[in-house]
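*Asks:* Sequence order for the protein chains is A, B, C and D.
Positions 100 to 200 (this note's numbering) are the ones given, in order, by the first sequence.
Positions 100 to 200 (this note's numbering) are the ones given, in order, by the second sequence.
Positions 100 to 200 (this note's numbering) are the ones given, in order, by the third sequence.
Positions 100 to 200 (this note's numbering) are the ones given, in order, by the fourth sequence.
Don't take every hint at face value.
Which copy is meant is left open, because identical chains are indistinguishable; a pair holds if it fits in one copy or across any two.
[To be verified] When the alpha-carbon atoms are kept at most 16 Å apart in a straight line, the in silico EDC-like pairs for lysine to aspartate or glutamate are as follows:
hint: 1; residue 1: Lys197; residue 2: Glu127
hint: 2; residue 1: Lys132; residue 2: Glu153
hint: 3; residue 1: Lys168; residue 2: Glu125
hint: 4; residue 1: Lys197; residue 2: Glu160
hint: 5; residue 1: Lys137; residue 2: Glu127
hint: 6; residue 1: Lys168; residue 2: Asp184
Hints are computed from structural coordinates only; laboratory data are not their basis.
There are 4 protein chains.
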Amino acid sequence: MNPIIAEVTIVPLGTSSPSLSAYVAEVERVLSKYSHIKSLLTPMSTILEGDLDEVLGIIREMHEVPFSKGVQRVSTRISIDDRRDKQISMHSKLEAVKSKR
Amino acid sequence: MNPIIAEVTIVPLGTSSPSLSAYVAEVERVLSKYSHIKSLLTPMSTILEGDLDEVLGIIREMHEVPFSKGVQRVSTRISIDDRRDKQISMHSKLEAVKSKR
Amino acid sequence: MNPIIAEVTIVPLGTSSPSLSAYVAEVERVLSKYSHIKSLLTPMSTILEGDLDEVLGIIREMHEVPFSKGVQRVSTRISIDDRRDKQISMHSKLEAVKSKR
Amino acid sequence: MNPIIAEVTIVPLGTSSPSLSAYVAEVERVLSKYSHIKSLLTPMSTILEGDLDEVLGIIREMHEVPFSKGVQRVSTRISIDDRRDKQISMHSKLEAVKSKR
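Same shape as in the complex, but just chain A (with noise of 0.2 Å):
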């Protein structure tokens, strides 16, 4: 297995109000069902860490939810680090940076 790390954002467009933070915590609902997928949260995204088709899958299904809230239009964007020469985490890119300081 090769872990992945990638970096989700997803964005329900035409809601009439610019607050979105209760589609956000929605989408987020999904990873519950996902407990050995690391995850985190942060003020501009989700970041996920496991297997990538695994994770593909899993942004797929959070893709889909602010349609089932009656949103009609949704941009999502995916940013993936994939890494084959070593095993990396989020864990292990954050100390990487922090030991070079």
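For this one, chain A is given, so just place chains B, C and D on it according to the hints.
*Replies:* The following block gives chains B, C and D in isolation, referenced to the frame of chain A:
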């Protein structure tokens, strides 16, 4: 069928040269197998139009290409525009903007 | 002068309709004042070519447009490609890929 | 003052090694000069909170760092969240989601 528009940029990291066009050309070759999927090469990305799951599968395949050329780390960014109140296309999106200029 | 290529997407949030093309058209109007800056409208973004500081200034001005139309929240994404070992352009980047196909 | 939240990822290209943490650590050093700007290092980015023009100026300075270390090409991605109907912060955005879980 609900076609989505997706933009993808696949960036090989740790290549010794800053020239990446040979990798991009190799990644683009994946698209030749999918002649029913509309695609547009821009100076910053590849834009795809088609069914969301099929497009994600193609992007998954594109992401693998640099590794098969010896690259050890790949950063892939995807941006999905999924609208369900009306059918969109790369063409209709451009026309909608141009008609309002 | 070292021209960079920048891709920008300016997304108004909390608009009542999922149609955003009227905002995009208004944002594009900013570019008509900068005829020496090359620009390309794609189905997902606007790509600009020029001096980095000037391009950032133009993007700053584009970012302000939806607010002037009553929007209360704007999500702006910028991607900058800055290469300094050789001069790049939107045209040369596309040609480099096509020549290797 | 209207604080915005911006996420930035600065990726050096054409480095011979796929390890980039030394560059990230160097880029982060820029922030030590701006103690009034809140920042958060995540496994995928740096998130900044402050005045839009000041934050863009800091990102401009961060973007220059890899070049000063001999890198020939830098890919910088910025995502700005600018809300003007109410004041937002990194903290308030996280709390808004957590309170709705």
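*Asks:* Each of the hints needs a verdict: does it hold here or not?
*Replies:* Hint check:
1. Lys197 / Glu127: Only across copies: lysine 197 and glutamate 127 sit 10 Å apart there, 28 Å inside one copy, limit 16 Å.
2. Lys132 / Glu153: within (12 Å within a copy, 25 Å between copies)
3. Lys168 / Glu125: Only inside one copy: lysine 168 and glutamate 125 sit 9 Å apart there, 30 Å across copies, limit 16 Å.
4. Lys197 / Glu160: Neither. Shortest intra-copy (34 Å) and inter-copy (20 Å) distances fail the 16 Å Cα cut-off.
5. Lys137 / Glu127: within (12 Å within a copy, 25 Å between copies)
6. Lys168 / Asp184: So lysine 168 and aspartate 184 pass the 16 Å test across copies only (14 Å; inside, 42 Å).
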